[in-house]
Amino acid sequence: MNRRVVRSVYRLLLGMHPAAFCVRFGPEMLQVFDDAVETFGWAWLLADLAMSLGRQRVLRSNHANDLAASAAGLMSGVYTDTRPPHLTCAKLGSACVLSLLSVFLFNSTTRADPPRQPIHHHRAATVASCCREVGHESIQRQ
Amino acid sequence: MGREAIGSPLSNAVTYILLALAERDLHGYGIMQETLRLSGGDYKIGPGTLYDNLKSIIAQGLVSEVEADASGDERRRMYRLTSDGAAVLESELDRLAQVVKAGRRRLAAGPAREA
Chain A
651 MNRRVVRSVY
661 RLLLGMHPAA
671 FCVRFGPEML
681 QVFDDAVETF
691 GWAWLLADLA
701 MSLGRQRVLR
711 SNHANDLAAS
721 AAGLMSGVYT
731 DTRPPHLTCA
741 KLGSACVLSL
751 LSVFLFNSTT
761 RADPPRQPIH
771 HHRAATVASC
781 CREVGHESIQ
791 RQ
Chain B
9 MGREAIGSPL
19 SNAVTYILLA
29 LAERDLHGYG
39 IMQETLRLSG
49 GDYKIGPGTL
59 YDNLKSIIAQ
69 GLVSEVEADA
79 SGDERRRMYR
89 LTSDGAAVLE
99 SELDRLAQVV
109 KAGRRRLAAG
119 PAREA
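Top line first, the protein sequences correspond to chains A and B.
Counting in the numbering used here, the first sequence tops out at residue 792, every number present.
Counting in the numbering used here, the second sequence tops out at residue 123, every number present.
These are computed hints drawn from the structure, not numbers from a lab.
Cβ coordinates follow ideal geometry from the N, Cα and C atoms, glycine included.
Check each hint, because a few of them may be wrong.
Derived Cβ-Cβ restraints for the label pairs, each shown as a range [what the hints assert, rightly or not]:
(1) B/Gly118 <-> A/Leu680: 50 to 56 Å
(2) B/Leu46 <-> A/Cys746: 31 to 37 Å
(3) A/Asp684 <-> B/Ser72: 23 to 29 Å
(4) B/Arg112 <-> A/Ser744: 41 to 47 Å
(5) B/Gln106 <-> A/Arg657: 41 to 47 Å
(6) A/Gly743 <-> B/Gly48: 37 to 43 Å
(7) B/Ala105 <-> A/Ser658: 45 to 51 Å
(8) B/Gly48 <-> A/Cys672: 31 to 37 Å
(9) A/Leu709 <-> B/Lys109: 32 to 38 Å
One side only, chain B facing chain A, incomplete, derived with CB under 10 Å [unchecked claim]:
(10) His35
(11) Tyr37
(12) Gln41
(13) Leu62
(14) Lys63
(15) Arg84
(16) Arg85
Just chain B, with the same shape it has in the complex (with noise of 0.2 Å):
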């Protein structure tokens, strides 16, 4: 499971979601606030990609469930990044850094473009 399941490159969703639950374990809501907050509000997730989205990478074991929050609301479920979600966060974020570097450089290395 993972990588080769959900495909490569990852989609924007997929990368937020994950990016969004890395550092702490999120509700729905909690992972669409953070979502407009990483990307500067450039980025919005709505509730239908969201689940959409959280109900493959369950399947695929790259998110999991928690236990509720303290609320005691059981409609409002916590969502936590597994080893395997952050792994291919990981990989990811490799990807795309080597994309930017390849890009610099190619930037660089082209004739001057005028203003």
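In isolation and in its complexed conformation, chain A is listed as follows (with noise of 0.2 Å):
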């Protein structure tokens, strides 16, 4: 794939993650993405970054996060809520295509790709026949 795409792309899936943990780690993480882009490949990084998200969001979204947020929320004029933050369907949500898309990511890299087989003699048979049985009633039916 495209390099500059994937690094669109890893740049999206940091853009999700908290706000602060972005700030303060976000151009060190694209920093480190282009230098071991070569040696750990590029879907084992999205993969990776994939998985943060969804620790971050899910499982340690604290309320450190939240009031970084509402600063940034009071200087732009808009309410904040700085109450805890709890489970929701949302975020549950989020957690299973994540999951998902980690899995998809992980099997992409680590299965290598299985080689073409030809279509075997027996089934390609089976389907001619199959193929010449329905034509067979067509006509019959005509």
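Each chain sits in its own coordinate frame; assemble them with the hints.
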């Protein structure tokens, strides 16, 4: 895949992390991505970031993150909610999506592409005979 | 702060991060490379896992940020093991040594296994 596209996807996933984390570690993580993409592989790096996002959003969404976000909200004139976060359906849903994405990406990195098998002769013959039978039936109906 | 806050035993990721920083200060990618080297290529840590854990252990005072390296790239921060971090790592290594010792003793005392 095009490295620029992968980097954009990585940046997008990074942007979905809690704001405080993103501001503090985002530029550094992008730098590390650039350094590590050759050695570690883009799919593995994306899967790792997706899992990190799941952990941060679902498991480690602590009060400090919300306070950091609400400080930005005060600056931009948005009502702030400083109550401690709780588990919601949206969080559970995003965790499920991220888990599936991670599994898919890990599978794509760890599983070598199997050699392409030629179509089995027996299977091809069965398909051909079925087609012939269907053809006969349609002729008889006419 | 320290061991009580981070929990015991330490996770693989935290153990390897502390181990990587035990010898010298490193930046993020340096920690990833050192972890790969220390584990003989068996354990990889990605930037997501690394910084997720770094955030926690910095907050707990086990690791601190130091001045950027000589390359002058401000994005590339260096990390240093604190004295609390060294104590936590020492305690974890003692725990692991006890596990290994107990495991070897029990294996030696158990019935001989067929090959």
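Next on the checklist: Going through the numbered hints above, which ones does this structure break? Give me the numbers in ascending order.
Outcome noted: none
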